[in-house]
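Using the sequences provided together with the hints, build the complete structure.
Protein chains: 2
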Amino acid sequence: MTSTSANRVESRGRLSAVDWEQAALDTIAESGVAAVAVEPIARRLGVTKGSFYWHFPTREALLKAALERWERQDDEEFIQVEPIRDPKQRLRELIRRTSREMQSHVIYSALLRALDHPIVQPVMSRVSQRRIDFLTIAYRQAGLERRTASYRARLAYAAYAGFLQLSMQLGLPRLSHAEFDEYVDHAIATFVPE
Amino acid sequence: MTSTSANRVESRGRLSAVDWEQAALDTIAESGVAAVAVEPIARRLGVTKGSFYWHFPTREALLKAALERWERQDDEEFIQVEPIRDPKQRLRELIRRTSREMQSHVIYSALLRALDHPIVQPVMSRVSQRRIDFLTIAYRQAGLERRTASYRARLAYAAYAGFLQLSMQLGLPRLSHAEFDEYVDHAIATFVPE
DNA sequence: AGCTGTCAATACGCAGGCGTACGGAAATTT
DNA sequence: AAATTTCCGTACGCCTGCGTATTGACAGCT
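Chains as they are written, first to last, in our numbering: chain A, 1 to 194; chain B, 1 to 194.
It is possible that part of the hints are untrue.
No distinction is drawn between identical chains; accordingly, a pair holds when it is met within one copy or between any pair of copies.
Below are the DMTMM-like pairs computed for lysine to aspartate or glutamate, each with C-alpha atoms no more than 25 Å apart in a straight line [what the hints assert, rightly or not]:
#1 K64 with D116
#2 K64 with D75
#3 K88 with E194
#4 K88 with D74
#5 K88 with E39
Think of the hints as simulated: they come from the structure by calculation, not from any bench.
This is the structure in C-alpha cells:
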C-alpha cells in the first residue's frame, strides 16, 4: 500500500519534502516520468505550487530526490534473496518473484521508458549494473565459466526488462493462469542450468 | 539513408503528406514519440504550421499516418528471412540480423518507450504479435511441442525487446567487438535448440 | 503577547505547443 | 488569360507547465 491518496487535510496539515518525493514516485508508477509535473502533483496533494517551491528549488530536484529514494528502496528489496545458499535455487526464486509481484517492478518499467532522460539514465545504469552483477555471481557459483556466466546474466536480464515492457503495457503474453505458470517454468528451464 | 535533412527549398518547392510522415518517423527515431510536435517538425522541414494543417487535421493524425507507414515497412522487412527453409537456421539468422543492423530497430525501440500512448499501443500490439507468431512457427517447425514453442517464442522476443532497450539507451552490454560476437553466439545457443 | 521560522496561497510573467482564420502565391486546369 | 486548386505564411487566442515574488496563516519558543 503506497499512500496513493493522502489529501494532506485528512493526514497532517503540512507537507514535507518526503511527501512530495513519494507522490512523485506514485505518479511515475501510474503515468510515467513525463507526468512528474509540479502543478498536477500539487493538485494531487491538495496544495498549490507555493508549497512545492518551498521544499525544492526546481522540478528536476524533485525528480532527482525521488529517484534516489527509489534506488535505495530497490537495493533493500534485492537483499531478501541473497541469503539463499544454493545459487541455482536463488536464481529460480528470483525469476519466480519477478513473475509474481510485478507491482513492485512497475516503477522500473516506467523508468525503462524514460532512459533518454538525463536524470533517469544514470540511476538506471547503476541499478541495472548491480542487478546484472548479482546474476553473474549466481551463475558463476552455479558452475558457469566466467564469460559464459556474464553473457547468460545479461541475456536473462534483457529478458526480464523486455518481459516487463511487454506484459505491463501490451498485456503480452495473453495467457491463462495455468499457462502463465508453465511459461515461468519454461523461463527457469531455459535460463537456469540443469 | 533516410532523408534526414530535406530543406524543401533544395528538393521540390512543395511538400506532400508523405514528407511529413517521413519527418515524423525520423523524429521518433531521434527523439522519441513525444518529440513529434507540429512546430518543431515544421522548422525541421523549413516551413511553418500553415503547411501542416493543410495536409493533416491534427497532430494525432500525423502520428497515426506515420505509424501506419512504419508498420507496412516493417512487414516487408520481415519477409526477407522467411524463405530460409531450415527453421533453426532461420532463427539463427534472425538473431544475428537483430544484433547487427540495429539501426532499423531504432524506431521499434523508441515506440517501446511510448507503449502507454493510445495511438502507439495498438500498432505495437499488432507488430509484436505478428513477430511472436513468426517465431512460434519457426520453433514448431524446429520440432518443439506446441505450448513449448509458444513460450520459447515469447521468451526470445522479450529478450529482444529488453536487449534493444538496454543497449540503445544504457549502452549495455558494454562489450568489445569480440565479446559481443560471443554474446550473440551465447544467445543463439540458449534460444535455438541443439 | 510578541517574534521567528515554517509552510502554503495568490498572482504574475514567460515559454512553447495546439489549433484557427485568413490571405497570398504558385501551379494546374479550362 | 482567367479561374480554380494546391500549398504555405502570418497572426492570433488558448492552454499548460515552469519559476518568482509577495503576502499570509500557524506553531513553537521566549
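Comparing the hints with the structure gives:
no.: 1; hint: K64 with D116; result: both (15 Å within a copy, 23 Å between copies)
no.: 2; hint: K64 with D75; result: within (17 Å within a copy, 40 Å between copies)
no.: 3; hint: K88 with E194; result: both (9 Å within a copy, 22 Å between copies)
no.: 4; hint: K88 with D74; result: within (22 Å within a copy, 39 Å between copies)
no.: 5; hint: K88 with E39; result: neither (48 Å within a copy, 54 Å between copies)
Of the hints listed earlier, the one the structure fails to meet is number 5.
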